[in-house]
Structure formats: C-alpha cells, structure tokens
Amino acid sequence: MAKGLDVGTSFVVLASDGASGTVEYKDFRDAFYVIKPTTPVAAKMIEKGLAGRVVVKDADGSFILLGQDAIEKAVERNESAKRPMYRGVVSPKEKDAKRILAFILKEVSGQAAEPGEKLVFCVPAQPVDQEDEDFDVGYHEDTVKAILSEVGYTPRAINEAEALCYSEFENDDYTGIALSWGAGMVNCCVMLNGEPTVMFSTTKSGDWVDRMAAVATAEPDSVVQAEKEHGTFVVGEPNESPILGAVSTYYERLIDYTAKQLTAALTGHRLLPKFKEPLPIAVAGGTSKAAGFVELFAKKLAESQFPLAVKEVRHAADPLHAVARGCLIAAKIL
Amino acid sequence: MVDNSYAYLLALFALCVGYVIGYAVGRVDLLYRTAHAFAAHLSGIVAEKPTDFFKKVAAEDKTKATAKIDINTSTFVAPIKTDSLTKANTAALGKTTTTDDDIQASVSRLAQLKGK
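Heads up: the sequence lines are chains A and B, in that order. 149 is the number of the first residue of the first sequence in this note's numbering; add one for each residue after it. 46 is the number of the first residue of the second sequence in this note's numbering; add one for each residue after it.
Just so you know, nobody snuck in bad clues.
When the alpha-carbon atoms are kept at most 30 Å apart in a straight line, the in silico DSS-like pairs for lysine-lysine are as follows:
no. : chain 1 : residue 1 : chain 2 : residue 2
1   : A       : Lys-422   : B       : Lys-159
2   : A       : Lys-266   : B       : Lys-132
3   : B       : Lys-140   : A       : Lys-266
4   : B       : Lys-159   : A       : Lys-424
5   : B       : Lys-161   : A       : Lys-266
6   : B       : Lys-140   : A       : Lys-192
7   : B       : Lys-161   : A       : Lys-424
8   : B       : Lys-132   : A       : Lys-254
9   : A       : Lys-266   : B       : Lys-159
10  : A       : Lys-241   : B       : Lys-140
11  : B       : Lys-126   : A       : Lys-184
12  : A       : Lys-293   : B       : Lys-126
13  : A       : Lys-243   : B       : Lys-140
14  : A       : Lys-196   : B       : Lys-132
15  : A       : Lys-422   : B       : Lys-161
16  : B       : Lys-140   : A       : Lys-254
17  : A       : Lys-196   : B       : Lys-126
18  : A       : Lys-293   : B       : Lys-140
19  : A       : Lys-243   : B       : Lys-126
20  : A       : Lys-241   : B       : Lys-126
21  : A       : Lys-293   : B       : Lys-159
Simulated coverage check for chain A against chain B, where a stretch passes if three residues somewhere in it have a Cβ under 8 Å from a Cβ of chain B:
no. : stretch
22  : 164-177
23  : 199-210
24  : 313-325
25  : 471-477
A few chain B positions that, by computed beta-carbon distances, are all more than 10 Å from chain A:
no. : residue
26  : Ala-59
27  : Gly-63
28  : Tyr-64
29  : Arg-72
30  : Leu-76
31  : Ile-114
For the record, the hints were derived by calculation from the structure and aren't laboratory data. Glycine included, C-beta positions come from ideal geometry on N, C-alpha and C.
Take these sequences, add in the hints, and give me the full structure.
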C-alpha cells in the first residue's frame, strides 16, 4: 500500500488506490476561521448554527471552522478566512498554523493502513524571485514528516512540479517541463528521461491575483476568491463585474510575469540538458483552471523568447489532482 | 716626517691584508654553502622555500579541516499537539471522488527508466 499527498496552500489532496483500475482522491480546502463566543449562551447558539459544518472546538471554548465552510462563513461576515499555509510552506504568520495543519493532515490522510506505509508528499522548490527568511522548505518538510509519522506513515518529500512530471509525461518518455500553478506559488521542473534537472519556483500565483483584485475593488480576499471560482470570465478579457474585471487583468499580468521569470531562469542555465526534440509543457493547479489561461500562457511564453523549443503547452488531464497522482506514482516506486 | 710616512704605510698595509683575508674567508664560506646545498640536493633534501604569512595560515587550516567537527543543524520540530481540538460534529473532512485510472503502466515505465 502507498499514498500520495499534495500539501498545497489552498488544497490538501490525498491520492490512494481505489478498486481495481481506479484512483481515489480526497480533497480538502486548506482554510480555517475562528469564532470566539463571548458568553455561554452565545456558545450554544453558535454551536447550533454550525450544525452540519466541519467544525472543531478548541480548549478555550472557541469554534474553528475548517475547509470550504470556513471560507463561506468568512464571506458571510465580510472577512477573510485564514490559511495554515502561506506560499507553499507552513505559515509563519499564523500562531495556530501548525496545529490546524496537523489536524487537517491527520484527518485527510487517516491512520496508515499498515505500520510504516509509504506516503509521498510534495514540497515547493526554492523561489528565484524572492529571498525571504520566512521561506524555509526544510522546516516545512520536517514539520509535515513529523505530523505524518505520528499517524503511522513513512513519509518522503518530493518537489511539487517533479510529481507533476511523473503524472503527465508517461507518453513523452518522462521528458518535458511541468508547471504547477498553486495558490501560493508556481513550481517548475525540467525533466529528462525521468530525472529532474532544474527545479525552482516563483512566489506569485492565484493568491497574488486575489490580493491585488481585493485591493483594487476594496473587497476582502475571500470574497474575491469566491467570485473568481464561481463567476465566469476569460483571462485577459474585459468583464462587466468589477471584481472579475480586476481578476482577469491581474491574471494576465501574472502570466506575463511568470513567462518572463521562466525565460530568465532557464536562459543559459548550466544544468539544462541539450534536448533533441521540442519539449511538451504541462500546466496544472487551481490557478490554471481559468478560461483562456493555457492559450495566453503559450502566447506569453513565445513572446518572452523562451530558450527551449516547445512542442505544445497543454493542460493536465485533471489539473487539481495531477500533483497528488504524481506523488502516488512516486510512492509506488520507492 | 719619516716616522709619519712609515706609520701611514703600515696602516695601509694592514688594511690591504685585512681586506684580502676578509675576501678569502667570504669566498670560502660561499663555496662551503654552495657545496652543502649541492650535497643536500643530491641526497633529496630540498630546503622549504619561505612562503608568505597567508599561505602559511592556509596550510594550517588545511591540516585542521581533516579534524573538522560539525554541528547537527537538522531542524528541531517541537511536538505539535492537536489533543485540544475536538470535532464538534460528525461532518466528514474532505470530499472523496474516484476516477477510472490505471496508473500501473505509468509506475512500470517510470520504474524502468529509474532502473528499479
């Protein structure tokens, strides 16, 4: 038995073997929202009001909503839900981050089916566009390992985009470039015959779009995020809704920025192999699901004079589950 | 007058004799050191060239590196207690979906590439 776990800034996704010839995915939104009752009567009322939602009680009497319910409650109150992760690693800004992340990871992954069951989880690469003292992949990796070991797993970490390569390049001899557009960052891996050669990340992705659109429209991030996920817009095209118009504009800027960063990072890179054939580029992640995203990214990449010949830019078959699927494949090879 | 000339000549003579003796001793010493260096060279003992201060320090550091003591820098992760968090109801965490996807072919191909 083996499992794959995508520990993302916005979603935690567990991949495991289903019945013969199937893969089972368990998704959980990586968010929480704390409600602190002021009186015992208020506590009773809040508890009734939260019936049926994913909620845990803390020792101090407060209620912590988890997942999608946390975001919905935050939107109701015109506030923003909190995240236990920030830019791909355990959040140094939230006091409760580790505790909440531990609870979510233990609940989603469950107890290991057998002692020492193999579990591969993903971690981000070092960013090329920011030197941040708070960004500590090693600490994040050790924290997640400690949490998963407690529920009986033998955890191993791999890079997020490397996992995406394992998921998407079976028919390309495991050669190509994978880009995982998560909420916090974009992770990139260049792979040659199953061996990762260059891996890095950039620190602007979906959350950056939400933040910038929220500032431009004076709305909370959670409201922008909800509108972005449920509204209709095409990246780079005008929209009647002010929020979606702002989202569309910042999406285009994000794609332009990332294409330029990729070009700059890979141009003249000493570890870059000499590829004989043009390379496929696979994109995945929640941020890549917007309409017109893949087409605009391909266009911006060509405009930025990308240093490698590109065969095609394609979307992963299942953009939200592709990284977890790659982690599961890696776990089965260990 | 005669006494003075005699004294001058005597002093000049002494000076010349002193110079000749000094010159001869110097030549002999040079000859001795050259012969000694030549003999040392023949026996394989080559005197170490003097080096500058920094090179000398670098050489010492190189010797110390063999006995370098490393500190354990692996991350300390404090126990993360979740005992204080209790589920308030039975709502399940996470939405489960199943897809038809036989990943065994991918696993075999990748294992073959990685030589496993």
